[in-house]
Amino acid sequence: MTAADRASDEGQGWAVWLRSAGRYIREHPGLIVSLVIIGSLLATALLAPWIAPFPNDAGTATNLLATLQPPGGEHPLGTDLVGRDVLSRVLFGTWSSVGTSLLVIAASLAIGVPIGLFSGAVGGWVDEILMRVVDIFLAFPSLLLALAIGAALGPSLEHAAIAIVVAWWPWYARLMRGEAAAIRGRAFIESGRLLGLGQVRLATRHILPNAAGPVVVQASLDLGGVILTLAGLSFLGLGARDPVPEWGLMVEQGRSLFQTHPWVAIVPGAAIMLAALAFTLLGEGLRERLDPKGATRR
Amino acid sequence: MTMRRLLLRRLPQTLLVAIGVGLVAFGITRLLPGDAASTWAGPRASREELALVREQLGLDLPLPEQVVRYLAGLVQGDWGVSIHTRQPVLDDVLGRLVASMELVIVAMLIAVVGGLLLGMAGARWKGRWPDWLASAITAILVSAPIFWLGLLLQLTVATELDLLPVAGRYDREFRDAVGEGSTTGLIMVDALLSLNGPLLISSISHVILPALVVAAYPTGLIGRLARASLIETLGEEHIRMARAIGYAERTILLRFALRPSLGPVLAALALVFGYALGNTFLVENLFDWPGLGSYVADSISTLDAPSIAGATVVVALAYLAANLVVDLLRPMVDPRLR
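One line per chain: the protein sequences are A and B, in this order. Okay, so the first sequence: first residue is 1 according to this note's numbering, each after it adds one. Okay, so the second sequence: first residue is 1001 according to this note's numbering, each after it adds one.
If you're looking for bench data, these hints aren't it; they were derived computationally from the structure. Predicted, not measured: the structure shown is a model, and the values here were computed from it. Even glycine gets a Cβ: it sits at the ideal position worked out from N, Cα and C. Any given hint could be a false lead.
Said to hold, decoys possible - One-sided and incomplete, this derived list gives chain A residues near chain B with beta-carbon spacing under 7 Å: (1) Ala-52; (2) Leu-144; (3) Leu-202; (4) Gly-232; (5) Ala-265.
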């Protein structure tokens, strides 16, 4: 390569970079779309107090002079039964819907992963008992178990979140246990044991990092499911209470008006779909990178 | 492994889990807010009446004895009495389960056919526009909140276009015919058996919308799973062989790739059934469908602990049975698992 060639290459460095970025976007459209949506969701969750046209409408404010206004003008997405701006409530709802779902996944991981890791790393009868307990929880369809526990705890956003965690952690315990048990038999763990490494160190420093990929992928795929479940519980009256701007509750509030004033329910429902879609695409994009064989495994 | 050995291994496991399901259900009845005895006796009950009800319901016994009594009751068919219908819970729940199953079975048929078609379209034209379209459809189906989909379909298909009824299980004029007593509980099957054409048409037109809504998530899930599984199979040696021989791409897909790809789909079928059953709890109320979902919705508003627990148990048992059936079927479809 001559000096001139090298100079022209450097001059086109940005073009090369742009071209490879373009190729990446073409090859992973789902990942890019999902990151854009998730970025916007994060931004709206954080900036809602500043970008919402009527921030007070996410709280106890009502405006009985402007009830059920159709979309347009002062209220780009219309107003609800008590005159609250739908756009403002949907923007504020990002935190109660998506934020709560993130917390639910984090709590489920915090319970399920250590139990699964312990179960898989120890093996034997402890493993057997723990996994039978997990089987019992997984014997219920997740939504139904969350619904029954939510009904037992009484309606509130916190209770709905707890109910979903109770229904969700066993999935991570089972997944983590399977990965840990598979890794436990591998040669590098055996040599670690011969070197005199303790059980805890082996489990946390050597098994966990190698088993984390599929768990991370599953957790991000599940976020969409948790968002839908949380919205479902709220829709059934087991989640957030008015005036909390939660998307599922907002759909429920628009339900009886749907034939005449559909925007009250359409807008928050579309927000739920968009958020669930983004996390599903993110999970699938991550799976391609971290756990390529996971696509056909449940 | 033969069917019998598989069954012998799985049955004790399933039984153990079933006992656990009963324990969880008992826990739910204890967690429910409010005192079961005062909910049962009503707000005007005197102290003596309350004590009597407490004794009748066994609430004065020590906890372990209550647990044993509850489990024994489940086995013997005594699931308690519903607070809001005042009927035995088992009768209530079984009757409602049949109505829900009618919805779920139709939804599962839609989901399997629709999902496989979407998956095949994606795998056949991978990376081209039919794949894009199929992927977009399945992504939306697994992301849309189904109660919202239900509202949208009711507004567009039922109200605006007037193509299908908005809600209910059959038209009002058939109330006497259905009320006379049904042989199977599945109205469509009843209508077929009694050769009642108008009732059959009425019940089918009523089931389509709610079944489509219940099928949404399962269709998307099966579609995405089938696509991934088919693409994996299409990369295998025997497919390259078939291509080299010169079979048409369609023949390859249907004759050589489809069956070996069904394993993961079938393995997920029990899970999908669970989703479909769970989804009925979100939409039955919307469509005025007299199944378990509406029953539980009524039970929640009346804090009816025995009914909620009963419905939870019956759904879990149906789900367990589905898991068992799928585990037994898998080696039949995929001989590599034998």
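Structure-based check of all given hints:
The restraint placing Ala-52 (chain A) at the interface with chain B is violated, with a minimum CB-CB distance near 22 Å, outside the 7 Å limit. The beta carbon of Leu-144 (chain A) is positioned within 7 Å of a beta carbon in chain B (closest approach about 5 Å), and the interface hint is therefore held. The beta carbon of Leu-202 (chain A) comes no nearer than 30 Å to any beta carbon in chain B, farther than 7 Å, and the hint placing it at the interface is violated. Hint status for Gly-232 (chain A) relative to chain B: holds, with the closest Cβ pair at about 5 Å, below 7 Å.
Interface restraint check: Ala-265 (chain A) against chain B, minimum CB-CB distance 6 Å, threshold 7 Å, status holds.
The structure is inconsistent with the numbered hints 1, 3, although it conforms to all the rest.
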